[in-house]
Every structure is written in C-alpha cells, then in structure tokens.
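Quick mapping for you: the protein sequence lines, in order, are chains A and B.
In my numbering, each residue carries its 1-based index in the first sequence increased by 88.
In my numbering, each residue carries its 1-based index in the second sequence increased by 2.
To be clear, the hints were calculated from the coordinates, so they are not data collected in a lab.
Don't be surprised by glycine CBs; every beta carbon is placed ideally from N, CA and C.
Since no wrong hints were added, every one of them can be taken at face value.
Okay, derived cross-link-like pairs now, DMTMM-like style, lysine to aspartate or glutamate, Cα gap no bigger than 25 Å in a straight line:
{"id": "1", "chain 1": "A", "residue 1": "Lys96", "chain 2": "B", "residue 2": "Asp153"}
{"id": "2", "chain 1": "A", "residue 1": "Lys472", "chain 2": "A", "residue 2": "Asp429"}
{"id": "3", "chain 1": "A", "residue 1": "Lys96", "chain 2": "B", "residue 2": "Glu113"}
{"id": "4", "chain 1": "A", "residue 1": "Lys96", "chain 2": "B", "residue 2": "Glu72"}
Residues from chain A that face chain B, not an exhaustive set, calculated with beta carbons under 8 Å:
{"id": "5", "residue": "Tyr248"}
{"id": "6", "residue": "Ala256"}
{"id": "7", "residue": "Ser376"}
{"id": "8", "residue": "Met416"}
{"id": "9", "residue": "Gly420"}
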Amino acid sequence: MITFASLKREWLANPRGDILAGIVVALALIPEAIGFSIIAGVDPRVGLYASFSIAVIISLVGGRPGMISAATAAIAVLILPLVRDYGVEYLFAATILMGVLQAIAGFLRLNLLMQYVSRSVITGFVNALAILIFMAQLPELTGVPLLTYILVAAGLAVIYLFPRLTRAVPSPLVAIVLLTVVAFYAGFDVRTVGDMGELPTAFPSFWPPDVPFTLETLKIIFPYSLTMAAVGLLESMMTAQIVDDLTDTPSDKQREMKGQGIANFVTGFFGGMGGCAMIGQSVINVKSGGSTRLSTFVSGVFLLFLLLVLGPVVAIIPMAALVAVMIMVSIGTFSWRSIRDIRHHPWQSSVVMLATVLITVWTHDLAQGVLAGVILSGLFFASKVKRLFTVATDLSADGRSRTYRIAGQVFFASSERFVDAFDFKEVLDRVVIDVSQAHFWDISAVGTLDKAILKFRREGIEVEVIGLNEASASMVDRFAIHDKPGAEAALGGH
Amino acid sequence: MQHILACIDASAYANSVCDLAAWASRRLQLPVELLHVVQRRDAVAARHDLSGAIGLGVKTNLMEELVQLEESDARLQVERGRVLLAAAKQRLQEGGVDQVRSLHRHGGIVETILEREADARVVVIGKRGAGHEFASDHIGSKIERVVRASDRPILIASRAVSEPGAIVFAFDASKSANRALERLVNSPLFTGLPVHIVMADSENAVHRQALDDAAGQLRDSHEVRTTLRQGKPETVIADIVDQTPGAMLMMGAYGHSPLRTLIVGSTTTAMIRTVHVPVLLVR
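Go ahead and model the full structure; you've got the sequences and the hints to work with.
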C-alpha cells in the first residue's frame, strides 16, 4: 500500500546522501552508457537515452529503492547481432517487447524461480559478465598505437590511486577529465567518443520504432526480446538481493519485475536500448550513501542534464579513458573470491560455476550460461540426494521368508539402486518389503517398486508391501508437504 | 492480558512517560509494559565515500565495512537501552506500580509499537524522540505515524508533567470526538476529575446543542464546565489549557486524510505542538 508515510520513507529518508550519491552515479553512468552502446554497436545516444529513461522510471515504479538500473553490459552483449543484421529500429522494437515480457513475468510471479538459481550459478553469472565486459574492450586494445596503452594505464592509475587523495570526487570522472584535457591539448591522434557515433543534442523524443508491424518482425525480435527479458530480470533480481543485503532492508521483487518491464517498454519508445539493474552502479550508489528512490531519480535526471550541457565536450573524450573505466567495471564486477574458493568448495559447486562462465563466454548469452548452470546444479543435487538411501534385510529363522527394510529417498535417480537392492535369485516363499521409512517422490519410484514385485512373483514368491501409504505421501501431497508445520515429523526417520 | 504500553527512548521525555504510565497504571489497575526499541544507526547514510571507484571484491568489502559500523554502534545502543529500561523500571516502581515488564526490541520504532499495542489499553509515548531534541516546535515524526496507524488511545507526554488534575476536552462533534467522549464517561482513568469541554467554533444553536449534549452525558460522574468560543482551535484550546492547572488535553485524533493534512495541515498536529501538557488522543 502506498501511503504518505511510505512515500516519505522511500524518497526523503536521507536526502543529502541520496542526492550526492545520485550525482556520483550519474557521473559514473556516462562512460558506462557510452561504453555499453559501443559494445552493442549503436550510437552512444541510444545507451545514454536508455540510462536516463530507465533510471527515472524505475525510481518511480521499481520495487527496490536505492538500486540503480540503466543500460547494461548484460543486455548490450546480447543485441549486437540484431543491430548488425537488422538495424537499430529493430532494437527499439525488441526493447518494447522485452518490457512487455518482463511485466508478464512479474504478474506470473516468476521471481520465485530465483530460488532455483544456486549461489554458484550467480557467481558464474557475475564472473562471465565481467569477462564479457573485458572482452568487449579488446577491439579498442588491439592494433592501436602504443599511446593508447599508456593512456589506458594512466586512466586506471588515476581511478585506483585518486581515492587515496580524496574520496569527495568520483575518481573515474577525474580520470576521464584528465585524459581528455591532456589528449585534447597535446593533440594526440587517438580515437574519441565522437568517432563512435552520434551523441544526444536534445531531449529524447517519444516515437514508436520505425519497423513494419508484421509477424515477420515479431519472428525476428521475439527470440532477442525473450533472452533480453530473462537476462535483465536475472541480473535485476540478483542486484536487488545484493542491495537488500547491503542495506539490510527488504524489497518487493515482484514489483521490481513489473517496474523493469514498464521501464524497458517506455525506453523503447524513447529510442533507447534495453537495460536492467546494474550490480556495479548499485554498489557505487550504496557506497556513496544512497539508499532511497531519490538517488536513482537524481542519477537519471542529472545524467540528462549533463548530456544536454556537456554534449559537445563528450565527443572529445578519448576512447582510452572509457576503456579504463570499463576495465574498472569489469574488475569490480568479477568475484575474485570465487577463484580462491574453488579449492575449498565442493567440486560440484566449482563445476557449476565454471560451466556457467564457459558457456556464457562461448555463446555470449548469459541466459544460456545460467540455464546450463541451473540444470547442472539440479543434476548434482539429485545425485547427492540419491545416496540418501539404505536397505537392511534379514532372513526369518526358518529361512523361507526375507524382510527388506527400505529407508531414504526414492526417485528417478535412485530407482536403479532401489532395484539392485533386491536379490531375485534367492529361493524364498515370502518377501516383505517395508517401505514405511522411505519416501517415494515420483512415479518412477512407484514404477520401480511395481517392477520389483512382478519380478519376485515370477519366481513364485509371495510379496507383501508394508507402509506404502506413508512412503508415497510425499508424492501424493506433492509440493505441499514440506512447507507445512510438522513437515519434519512427517518426513521423520532420517 | 491488558496492560499499559510505555514507549521510552533516550530523550528528555522518558521520565514524563514513566510518570504518566504510573498514573494510568494506578487508575486502571493494569501492569505496565516498558518498551525500548534499539534503533540502529544507518551506516549507509553515515559514511561518505564519493569516489565512485569499484575495485577488487568491493561488494564483500563494503558489506564487511557496513556490518562493522553498525555492529559496534548497535552494541552501544543495546547497552544504553538496558540502562534506560532499568532506570525507567525503578521510576515506575517508585511511582507505585508493582508489575512492570521490560521489553527490549530491535527494529523500526513505529512498526514495533504497532506490533506490541494489540494488548495495550493505552499507549504512552513522548512528544518527541531522541533524534529531535532541539526542534522544540515540532512533534516527532514517529508520533504522527503511530497515531495514524494505531487504533489504541495514545497518551503523549510533554517534557514536564504533574499528575493530571483536570481534563480539557477538545470537542468538535466529530466521530472520533464522540468516541473520546464515550471513553471519558466510562473509563476509570478519569474518575473524579473535573472536565472542561471546549469547542472552538461559531456561536450557534447547533453547536451549543452538541456541547450541551456532551456535557449532559458527563454530568453524572464529573464536574463539568463548557466553553464555546470562535477562533482557531489551537489558540482557543491552548488558552484554556493554560488557565487550567494540572490539565490534561483530550481529543479525537486525525479526522482527515493524510493528503488533506499535507495541504492544509492537521489540527491535531498543531494542537500537540502548541500545548505543553499531556495529550490523550483517541481515534
């Protein structure tokens, strides 16, 4: 419910910190938005308009105050082929459709799917993202004069060393200003942002994209929109979690999903590329003291102001300065701890993480990497759980009857072990299978029990099954049993 | 079991809150629950690092730093809270209350009060919180939120209180004012206290009639005076409160929507701000 008090809390709890943080974020957004536009192969204008529009809209309709959303690398790396093959207007159409899909996902509460994305997959996602951002800088770093390398190195030095001097000014901005001034007045012949495409000179205009509204168009853009929507939501949900943790405040994930949808939908009409929440920028925002919607709003508005005022100056920024900033973003995004953790974590977690990274870098598609990671972690989980299965047997005194006591988890992955537990060649009159301590999770498990009973009967052995009701309760009650009180008691015995 | 919920913090109002809670407890024969909420300093807002640079493992480092900042501060707050609660408990016991339960919680002040008030007959709270020590003409931002969201009577303590010896009842014939009147008639909290019913409105038959009706309901149990005077409610009522020694102001609270309040301001808020005696708000 939106009340006066909640509005005040979400906007005006900390205006000084929020406005300052918003300005820092806006300054840091400029190089990133230009850099990501170049990654996507579009004019810097497209990324800058998108960043303005997404930041302002999400500050109004998002579910996670204090999180920064704008044009992002994750989306930029996806759309290069679309822009190359069909042109930028198709990108705008794809962005609009992406917004619609995200809003639908929000209504369907697909944020709950995040439960199945394990920590290892998330680590793989951010590492892959960092590698993709870095790889996107390589064209600017290969086959260029030595001067470029010197400028990039100087830029990085300023970014990392300047905060030791003062933390009152954003050091990436200082790096850009210094390099621009030096390169301009020394007359260095290096590539500048102006060489990369058109810069904004006016307010963005609201206009439907210039594409034919046909089924053919839909066929072209739909696969892109779907991936963009999925990747955008994934990164947004992850970033929301990070901001939740940093600020120790809750957020409304469903509202955030719908908000992302609205922001992208509108941004497509403004001639912007799709975007989502930004891990790096959100961390910068919190680090600078921003925690409410106001800081996100200020970052968007101040970004537009800077563009309109500084438009001509932006064109002479040397690309080397932007590359330095992008390398900083890449380094800041990468989870360096995960490399150290490879040795301590279970090997399955590391495999999941590495597989997510490799497949993402291979396909340049974060959605495919995450999907592979989720499937792999599911498989590893199943293979671990199937070991929670024991069989105890004892023969009756007269040697004519045997009791099998099955305990543990019986499902598709463990059904083979289940059958192997029985000795069908033993000559007996009667077999008792006590499954009251076992849980039959799916129909494969029940099918396997049926198969075992038939095999015994073929040998002329009478079979009695005890406790099947308890065992299959977990299947019959399907999803319900484990989230009711007393579930532990119902699943007792392990 | 019902009780009186007394909310204290490190402000100068803690003593008045205790005294009023003790008074109410003696009159209503109810135990007192002392509530102190530990408010963590928001570390995000406290530190200013505008460098905008993100280096190796910045997320983990920032998390670590924020946790550290808040951790030490929270420990200090908890210690202070314990001392505060102990002092308040002693003051209540000296004030003749036998059953005092202390409650020390983490969380938002408003949220915690709303959560704890379910069994409370009256909620006693200071006019301003510890964060507003010097802004003497404001009321604490938390009070308005508590009063709006709560459905219990709220007794707002002023800085210095003497035991209430008379009631000034601000009456405007509204729904919440009638509910306050009902309470005034029935509650043992007010037994034997003289009541002065004040209506700040134009002199006409309708208003006079409403005022007389209200006085009629109270006449059996209380000594009643009435005043009907044209003027701004805050000034009319503040005048009468000033003339009545040992007065406690009683009124219905926040009859209007927050939106209207935002534009024209709230009589309730203005009243709490201007009078320097305890105020009992009934929703």
